[in-house]
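Take the sequences, apply the hints, and build the full model.
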Amino acid sequence: MQILPRDYLITPEGLAFAVVDSGIEDGQIACCFRYFQNQDGNWEKISTHDATIVLQRDYPQYLFHSKLRDTVIHAVPEEHILTHRAARDGITQLQCESKPATIRGTARRAIDYLIDDGIDRGCLGVSGSLLLGAEKPDSDVDLVCYDESMFQTVRQLFQHAAGPFTPLTLDDWRETYRRRSCGLPFDNYLWHEQRKHNKAMIESTKIDISLVCPSESEDLRAWQKKGKIQLVTRVTDDSRAFHTPACWKVAHESVEEVITYSATYTGHALLGEKIEIAGLLEQSGSGEQRVIIGQSREADGAFIRVVPL
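Mapping the sequence shown onto my numbering, position 192 (from 1) lands on 192, and the numbers just tick up by one.
By construction, these hints were calculated from the structure, which means they are not laboratory data.
Just to be clear, a hint being listed does not mean it is correct.
[As the list claims (entries may be wrong)] Derived DSBU-like pairs: lysine-lysine, alpha-carbon spacing no greater than 30 Å straight-line:
(1) Lys199 x Lys67
(2) Lys206 x Lys67
(3) Lys45 x Lys206
(4) Lys199 x Lys226
(5) Lys249 x Lys228
(6) Lys67 x Lys196
Laid out in structure tokens, this is it:
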């Protein structure tokens, strides 16, 4: 089975890694270490910062110097995969449970509504804690969609508070902001987020949906880091703004595109908008330049923001 972003890979040591890219480099799959099994066999979540420290100290085999990215990343060698938990299979698992409890029941009701409304079940997946069975009462429901048209339909359902879905309250947004490291002040973050329509509430649980395109071609170019950069430019193509990773083409004399692996900035800017970005400048072997906004979910110190007219 194809390994896709938002899937999870479990290693023999009881570590669970979230896949961040479908490409395989030198037998290594780019991931983010997210959970570990404690002495009782239960999954515990770990922050990205702490995860890197633990890998450096105890599991250096899961740190990989990527020549394509010109940096050290979390990665799982193919031969170290004990279990591949595909997000697609999470849907089947939930629907096979006769009486799912608590948040699993909430997720099941959301999925059932989407399918009844015409979303193809084969286009959906569930990731995060629900995929691992590590959910807690305050966990989110992390849905994945593998079809762009279906993804846009779900966004419309969220936007119009269809069926069981309701908008996030201000307190909900503050909690979402608190959980993520973001280079924008809250009011600016809120303005960008509220127009994305990729999040909603169902009962008292936050639900979000991410787009993963299985057929998307891999970028096999090697990129070299050139240092930090901050610039203002204009978006000329936003067709991949919600993809994983998200990408925008921009009108700039030297930079061709902006990339982010952080869900915080996915969908942040629209066609024609003037944007300010802060990130790392990268250059390919043939001279193309791009700016990358974070290579982890937090994107510490980096940002994209729309510049008001």
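Status of each hint after checking the structure:
The hinted pair formed by Lys199 and Lys67 fails the criterion: a straight-line CA distance of about 35 Å is larger than 30 Å. Taking the CA atoms of Lys206 and Lys67, the gap is near 37 Å; set against the 30 Å cutoff, the hint is violated. At most 30 Å may separate the alpha-carbon atoms for a hinted pair to count; Lys45 and Lys206 meet this at roughly 18 Å. The straight-line distance between the Cα atoms of Lys199 and Lys226 is roughly 35 Å, outside the 30 Å bound, and the hint therefore fails.
Distance check on the hinted pair: Lys249 and Lys228 sit about 19 Å apart at the alpha-carbon level, within 30 Å; holds. Between Lys67 and Lys196, the direct Cα distance comes to roughly 33 Å. Violation of the 30 Å bound is thereby established for this hinted pair.
In this structure, the earlier hints numbered 1, 2, 4, 6 are contradicted, and the remaining ones agree with it.
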